[in-house]
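S.K.: Using the sequences and the hints, build the whole thing.
These protein sequence lines map, in sequence, to chains A and B. 6 is the number of the first residue of the first sequence in the working numbering; add one for each residue after it. -10 is the number of the first residue of the second sequence in the working numbering; add one for each residue after it.
Read the hints as simulated data drawn from the structure, not as lab findings. Every value quoted in this text rests on a predicted model; they were computed, and no experiment measured them. Careful: at least some of the hints might be erroneous.
Okay, the calculated bits of chain A under chain B, using three or more residues with CB under 8 Å as the criterion [said to hold, decoys possible]:
1) 123 to 133
2) 260 to 272
Sample of chain A residues with no beta-carbon within 12 Å of chain B, all distances over it, derived [stated by the list, open to error]:
3) 53
4) 93
5) 96
6) 209
7) 277
We put the CB at the ideal spot given by N, CA and C, even for glycine.
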Amino acid sequence: MGKSWLLFLSLLAAPAVGYCQLAATRVAPAAPCGTKQYRDSLVAKYIERGAQRFSYSDPRWTQYCDSLIAICPTIAIAYQQKAVPLIKDGKYEAAFALENKAAQLDPQRWLAYRGFLKCIFTKDYEGAILDFQGATRLNPAGREMDHTYPFFEGLSHLELKKYALAEADFKRDMALQRGAAGKGELHFNTLFYVGVLALEQKKYGQAKAYLQQCLQQYSNHPDANYYLGLTYRQLGDEKLASQHLRTAGQALAKGYLLNEDNLYYANYPHQITAYEVQQAMR
Amino acid sequence: MVAKGQTIVLPDGEYIDTTSTRQSPCAKAAFARYYSVAGKYPRSSETLRQAAQAFLAAQHHTYEGSGYVTFRFIIDCQGQRLARVQVLQTDAAYQRYRFRPELVNALYGFLKTLTEWPAAKARNGQPVNYVAYLSFKITDGKVVAVIP
Chain A
6 MGKSWLLFLS LLAAPAVGYC QLAATRVAPA APCGTKQYRD SLVAKYIERG
56 AQRFSYSDPR WTQYCDSLIA ICPTIAIAYQ QKAVPLIKDG KYEAAFALEN
106 KAAQLDPQRW LAYRGFLKCI FTKDYEGAIL DFQGATRLNP AGREMDHTYP
156 FFEGLSHLEL KKYALAEADF KRDMALQRGA AGKGELHFNT LFYVGVLALE
206 QKKYGQAKAY LQQCLQQYSN HPDANYYLGL TYRQLGDEKL ASQHLRTAGQ
256 ALAKGYLLNE DNLYYANYPH QITAYEVQQA MR
Chain B
-10 MVAKGQTIVL PDGEYIDTTS TRQSPCAKAA FARYYSVAGK YPRSSETLRQ
40 AAQAFLAAQH HTYEGSGYVT FRFIIDCQGQ RLARVQVLQT DAAYQRYRFR
90 PELVNALYGF LKTLTEWPAA KARNGQPVNY VAYLSFKITD GKVVAVIP
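M.R.: Set out below in structure tokens:
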């Protein structure tokens, strides 16, 4: 019986995905989806070779996710993937209902991701901190979008102007990146944000040192050049301030960015545009 | 003084202002999303937050409530925002919520001051219209963040 249901659903899903919404409403969530191997095969079929063949805005993206949810309502990634176009469209109510479901079904994988969305997409810094604290309990050395969990806690505390907490977070972030041997290289955006934190705290010497380290790795980092320019201005060196502000403007004009995966969708904390550079140069 | 928006409820959501479209040379242009054509507004989130909060303060009205007010709209291929604007509102926990109309109208009034949306082109060089949005994170009636 179970196999015939699946065959029926597969026939619906492959050639006529437009009917998957209908299937989603009629199928009782009793189809077997227990073994990891079987669940992985469903993800491969409906997500990797299904939804992900289309753009986020294509209705078939959602229909493949709905089909997977109809077949097996306990596969977390189906909810997370269904939420992707929604969060990028500012549809938070619908998106977070799905993200909550994904995080509930598989917190090990999706709790930190939800924290990332709150930190970068919805600027819900208190919520992001709670999610990353929960994720750290599950996976103390976890990573999300190329960064440690304390990195995002540090960003959140920085934006909430809780500077002492941000400092402690970034220290943990740097310790994790350096590793047990203490030799790991720090991500240039860790150095950037630690520099920004120091600038906000009016620790101009520290700000200069961290932002310069960031620029040693990525000399065209527009935001690091901008904030280093502001730092030099505070230190009374208008010549170097102008030089770095000019470099920031030139880097932006050439298309250089802060270099994070989701920049096209959402601005990162303290990210600037050409407008802010022009204002600073006036 | 902010002009009162005209709220229109359609089966797919709530809209503010007129739903009519004018004759436009962009009528036949393809549609994209803001993120595929670098269509974010050319100001930092913090610059927009400060401007939005200053705009609210200039209305001399006390606003209340916490959560998100989001406007979704179309920027045509010439960089003009079309009048059909969807309004989405949630509380701070992303649950459906309605702020008082004075706040929504004031934020919409601020949106109307943003006139530097980039005109976008597809990879083949053809001008495109794109769907964009602007969200205001509100805490106790104040704008604490602007997204994206």
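S.K.: Mind taking a look at whether chain B covers the segment 260 to 272 of chain A? Criterion is 3 or more residues with CB to CB distance under 8 Å.
M.R.: holds (count 4)
S.K.: Please verify that the nearest CB of chain B lies beyond 12 Å from residue 277 of chain A's CB.
M.R.: Contrary to the label, residue 277 of chain A does not stay out of reach of chain B, its closest Cβ about 5 Å off (not over 12 Å).
S.K.: Once the closest CB in chain B is found, is it more than 12 Å from residue 209 of chain A?
M.R.: Check passes; 20 Å lies beyond 12 Å.
S.K.: Does the no-contact call for residue 93 of chain A survive, Cβ to all of chain B over 12 Å?
M.R.: 6 Å, violated
S.K.: Check the non-interface label on residue 96 of chain A: least C-beta distance to chain B beyond 12 Å or not.
M.R.: With a cut-off of 12 Å, residue 96 of chain A comes too close to chain B, as the shortest Cβ separation is near 6 Å.
S.K.: Would you check chain B against the segment 123 to 133 of chain A, counting CB to CB pairs closer than 8 Å, and say if three or more residues qualify?
M.R.: n = 4 at 8 Å, threshold three: holds.
S.K.: Does the no-contact call for residue 53 of chain A survive, Cβ to all of chain B over 12 Å?
M.R.: 21 Å, holds
The structure fails to meet hints 4, 5 and 7 from the earlier list, while all remaining hints are met.
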